[in-house]
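Given the coordinates of chain A, work out where chain B should sit on it, guided by the hints.
Line by line, the protein sequences are chains A and B.
Going by my numbering, the first sequence opens with residue 1, and the numbers climb by one from there.
Going by my numbering, the second sequence opens with residue 1, and the numbers climb by one from there.
Keep in mind that the hints were calculated from the coordinates and are not lab data.
Straight line, CA to CA, 27 Å or less: simulated DSS-like cross-link-like pairs of lysine-lysine:
id, chain 1, residue 1, chain 2, residue 2
1, A, Lys140, B, Lys44
2, A, Lys154, A, Lys170
3, A, Lys44, B, Lys44
4, A, Lys44, B, Lys140
Derived DEER-like restraints, expressed as beta-carbon distance ranges:
id, chain 1, residue 1, chain 2, residue 2, range
5, B, Gly181, A, Gly124, 49 to 59 Å
6, B, Ala96, A, Glu121, 31 to 41 Å
7, B, Arg22, A, Asp142, 19 to 29 Å
8, B, Gly150, A, Ala125, 49 to 59 Å
9, B, Asp142, A, Lys138, 27 to 37 Å
10, A, Arg22, B, Lys161, 37 to 47 Å
11, A, Leu61, B, Asp172, 53 to 63 Å
12, A, Glu179, B, Ala96, 43 to 53 Å
13, A, Gly103, B, Met176, 47 to 57 Å
On the chain A side, residues computed to face chain B include the following (Cβ under 7 Å):
id, residue
14, Thr48
15, Thr91
16, Asp92
17, Leu93
18, Leu101
Quick caveat: nothing in here was measured; it's all calculated off a predicted structure.
Just so it is clear, CB atoms sit at the ideal spot from N, CA and C, and this is done for glycine as well.
There are 2 protein chains.
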Amino acid sequence: MPFDPSHYRLCLVTDRGLAHGRSLVEVAMRAVMGGVTMVQLREKVATTRAFIEEARALKRLLSDHGVPLIINDRADIALAVGADGVHVGQTDLPVAAVRALVGPDRLIGLSITDAEQMGREDAGAADYLGIGPLHPQKTKPDAATPLGFGGFAKLRRMTTKPVLAIGGIKPDDVPMLVEEGASGVAVVSAIMAAEDPEAAARAFRAAWAAEAG
Amino acid sequence: MPFDPSHYRLCLVTDRGLAHGRSLVEVAMRAVMGGVTMVQLREKVATTRAFIEEARALKRLLSDHGVPLIINDRADIALAVGADGVHVGQTDLPVAAVRALVGPDRLIGLSITDAEQMGREDAGAADYLGIGPLHPQKTKPDAATPLGFGGFAKLRRMTTKPVLAIGGIKPDDVPMLVEEGASGVAVVSAIMAAEDPEAAARAFRAAWAAEAG
Numbered sequence: 001m002p003f004d005p006s007h008y009r010l011c012l013v014t015d016r017g018l019a020h021g022r023s024l025v026e027v028a029m030r031a032v033m034g035g036v037t038m039v040q041l042r043e044k045v046a047t048t049r050a051f052i053e054e055a056r057a058l059k060r061l062l063s064d065h066g067v068p069l070i071i072n073d074r075a076d077i078a079l080a081v082g083a084d085g086v087h088v089g090q091t092d093l094p095v096a097a098v099r100a101l102v103g104p105d106r107l108i109g110l111s112i113t114d115a116e117q118m119g120r121e122d123a124g125a126a127d128y129l130g131i132g133p134l135h136p137q138k139t140k141p142d143a144a145t146p147l148g149f150g151g152f153a154k155l156r157r158m159t160t161k162p163v164l165a166i167g168g169i170k171p172d173d174v175p176m177l178v179e180e181g182a183s184g185v186a187v188v189s190a191i192m193a194a195e196d197p198e199a200a201a202r203a204f205r206a207a208w209a210a211e212a213g
Numbered sequence: 001m002p003f004d005p006s007h008y009r010l011c012l013v014t015d016r017g018l019a020h021g022r023s024l025v026e027v028a029m030r031a032v033m034g035g036v037t038m039v040q041l042r043e044k045v046a047t048t049r050a051f052i053e054e055a056r057a058l059k060r061l062l063s064d065h066g067v068p069l070i071i072n073d074r075a076d077i078a079l080a081v082g083a084d085g086v087h088v089g090q091t092d093l094p095v096a097a098v099r100a101l102v103g104p105d106r107l108i109g110l111s112i113t114d115a116e117q118m119g120r121e122d123a124g125a126a127d128y129l130g131i132g133p134l135h136p137q138k139t140k141p142d143a144a145t146p147l148g149f150g151g152f153a154k155l156r157r158m159t160t161k162p163v164l165a166i167g168g169i170k171p172d173d174v175p176m177l178v179e180e181g182a183s184g185v186a187v188v189s190a191i192m193a194a195e196d197p198e199a200a201a202r203a204f205r206a207a208w209a210a211e212a213g
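Bound conformation, chain A alone (with noise of 0.2 Å):
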């Protein structure tokens, strides 16, 4: 589908573990009901056969409302669904490995964690960039050190490419990462833990609404 940067604004990153039981397609649905941009489908658990029909219900669902789905990993998977693009970390596939599978029309998105990873080739071959984790993160407690609004915005300052903050993030972040030049803002727990998603997800738009407009 076509992609323009507005998709950036609020992207649902899922996690099985968080969602008391519901599924992962019910959930983030009723997230895009809210005002979510763009979904990361990120399972480490499921099988590969429950990843790719999982894959396929959020993309026939999310397709009907112009909302990018995007594959943590699984380039494969991506392809297979016709997903929008592939999300990958720093222990993930190399960026121009995925690259060379997906095409230049796919997005692939890269985490960042520190200043070294974004002086490297992937991140220059990157579509855009989740940076972070901005806060401390009680369900990750092995997650990088937090950046906290100063080292986002050091590393936000040494790439032009689209920016998603990501970590722990609150509605009330909001206000200041617009100011740091984040594109958008990627929720995990804030969202997917939430017992009313849609009502979650409205609360981050309606704070982006008051920065950006």
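Just chain B, lined up with the frame of chain A:
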């Protein structure tokens, strides 16, 4: 690389947990010295980055010896490293989805554990079938019911495709499997866990040589 039926003769399937701390590349290369004709790289715990780096190293070494490299499950990694094929299980990508990604020239193998799976579309679309487990396996307590020679023979007669027997196979099993029409055997622990993987592989090859010339 050009593929011919003799490549099915003795397939090593890797398992990091059985390698006694040796690298998979080391064990695989010693096994190739002993006569392994195909290697399937299977990684269930490594990061994607580590998986692809291992696959690249193996591909370089195996190419020098004319031994095809098959990647378990990850069609994206198979494409990225120029592997010779992809092997999928019943909970991995459907064969048709893998075919769409890797094209007609790469091999696609499929694991089969019962007659019902043999009747499905996936089995018809694969290039070769891995049928098993032949024997009970102490390293895979959650594996499907062992087929025994009779069960293997029954499934083997349901297809004209090349068939590898798998599951706790020892050199002594080779004569009976040849008689039942196996194209080869796929071996995990008998080579991966062997103190001398080269000698272990050679024992299988000797059993084949005695039976099939």
